[in-house]
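S.K.: Sequence:
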Amino acid sequence: MTNGNLLGSPVLVLNASYEPIHVCVARRALILLLKGVAAAEELSNDEVHSPSKVVPVPSVIRLLEYRRIPRQTRALSRKNILLRDRYTCQYCGAVSSASELTLDHVTPRSRGGKSSWENLVTSCRRCNNHKGDRLPDEAKMELSRRPRPFNLHTSRSLMRLLGNHQETWRKYLFY
Numbered sequence: 004m005t006n007g008n009l010l011g012s013p014v015l016v017l018n019a020s021y022e023p024i025h026v027c028v029a030r031r032a033l034i035l036l037l038k039g040v041a042a043a044e045e046l047s048n049d050e051v052h053s054p055s056k057v058v059p060v061p062s063v064i065r066l067l068e069y070r071r072i073p074r075q076t077r078a079l080s081r082k083n084i085l086l087r088d089r090y091t092c093q094y095c096g097a098v099s100s101a102s103e104l105t106l107d108h109v110t111p112r113s114r115g116g117k118s119s120w121e122n123l124v125t126s127c128r129r130c131n132n133h134k135g136d137r138l139p140d141e142a143k144m145e146l147s148r149r150p151r152p153f154n155l156h157t158s159r160s161l162m163r164l165l166g167n168h169q170e171t172w173r174k175y176l177f178y
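So the sequence shown is residues 4 to 178, counted in the numbering used here.
The set of hints was computed from the structure by calculation and includes no laboratory data. Heads up, some of the hints might be wrong.
[Said to hold, decoys possible] Pairwise CB distance ranges, derived in the manner of DEER restraints:
(1) S20 x D136: 48 to 58 Å
(2) D136 x L37: 50 to 60 Å
(3) R30 x Y90: 21 to 31 Å
(4) R31 x R128: 47 to 57 Å
(5) L37 x R70: 28 to 38 Å
(6) S102 x R31: 21 to 31 Å
(7) R81 x R129: 47 to 57 Å
[Said to hold, decoys possible] Straight-line Cα separation of at most 27 Å, DSS-like style, residue types lysine-lysine; simulated pairs:
(8) K82 x K134
(9) K134 x K117
(10) K38 x K174
(11) K143 x K117
From the three backbone atoms N, C-alpha and C, an ideal C-beta is built for every residue, glycine too.
Take the sequences, apply the hints, and build the full model.
M.R.: What follows is the structure, given as structure tokens:
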């Protein structure tokens with residue numbers, strides 16, 4: 004893996020109490036380690052090379068001082084809606100890439116629907132076109148689950164989902 008790709012790999016961040024609080028990229032994790040703010044708990048098999056140093060890339064880091072985590076909110080964005088809905092069409096259940104999915108207003112904007120966490124869902128193009136400017140009931144379509152704001156539970160679920168591919172994360176994610 005090249006350094007560019009390697010520095011973008013996900014790293015689990017634990018609070019001083021070993022509670023999972025965040026996922027960051029390896030570049031940020033290395034900065035926290037070099038500043039002395041965090042310690043590596045688990046290392047990947049990869050290394051970053053400089054002219055004078057070889058640094059192992061962590062897969063899990065722990066903050067050395069406890070950080071009080073305020074109520075977590077996330078910005079309303081396409082990326083965050085896709086993450087919340089796990090890249091899955093909320094009407095037919097098809098899992099797709101970001102480029103193949105659209106955002107659908109459950110209550111169409113033409114009917115006063117807002118762009119909010121509670122009114123936006125991911126949808127495949129076929130379902131979005133079929134629904135058109137109607138409510139799901141009018142289009143005889145059903146949402147697989149009601150859209151909700153991104154919250155701490157959602158963040159932990161995503162960490163567990165990522166942890167399915169990161170063996171070293173599992174003991175920290177309370178499976």
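S.K.: Using the beta carbons of D136 and L37, state whether their distance is inside 50 to 60 Å or not.
M.R.: holds, 53 Å
S.K.: Keeping to a limit of 27 Å between CA atoms, is the pair of K82 and K134 held or broken?
M.R.: holds, 22 Å
S.K.: Holds or violated: 21 to 31 Å for the Cβ distance of R30 and Y90?
M.R.: Between R30 and Y90, where Cβ atoms are some 24 Å apart, the hint holds.
S.K.: Take a quick look at whether K38 and K174 sit within 27 Å of each other, Cα to Cα.
M.R.: holds, 26 Å
S.K.: Taking the CB of R81 and the CB of R129, does the distance hold inside 47 to 57 Å?
M.R.: Between R81 and R129, where Cβ atoms are some 19 Å apart, the hint is violated.
S.K.: Does the Cβ distance between S102 and R31 fall inside 21 to 31 Å?
M.R.: About 26 Å separates the Cβ atoms of S102 and R31, which means 21 to 31 Å holds.
S.K.: Using the C-beta atoms of R31 and R128, is the stated range 47 to 57 Å upheld?
M.R.: violated, 34 Å
S.K.: A range of 48 to 58 Å was offered for this pair. Does it hold for the Cβ distance of S20 and D136?
M.R.: holds, 50 Å
S.K.: Hint check: K143 vs K117, CA-CA at most 27 Å. Holds or violated?
M.R.: Holds, because 22 Å separates the two Cα atoms, which is no more than 27 Å.
S.K.: Would the hint linking K134 and K117 be met if the CA-CA limit is 27 Å?
M.R.: Judged against 27 Å, a Cα distance of about 17 Å means the pair holds.
S.K.: Does 28 to 38 Å hold as the CB distance between L37 and R70, or does it fail?
M.R.: violated, 18 Å
Of the numbered hints listed earlier, those contradicted by the structure are 4, 5, 7.
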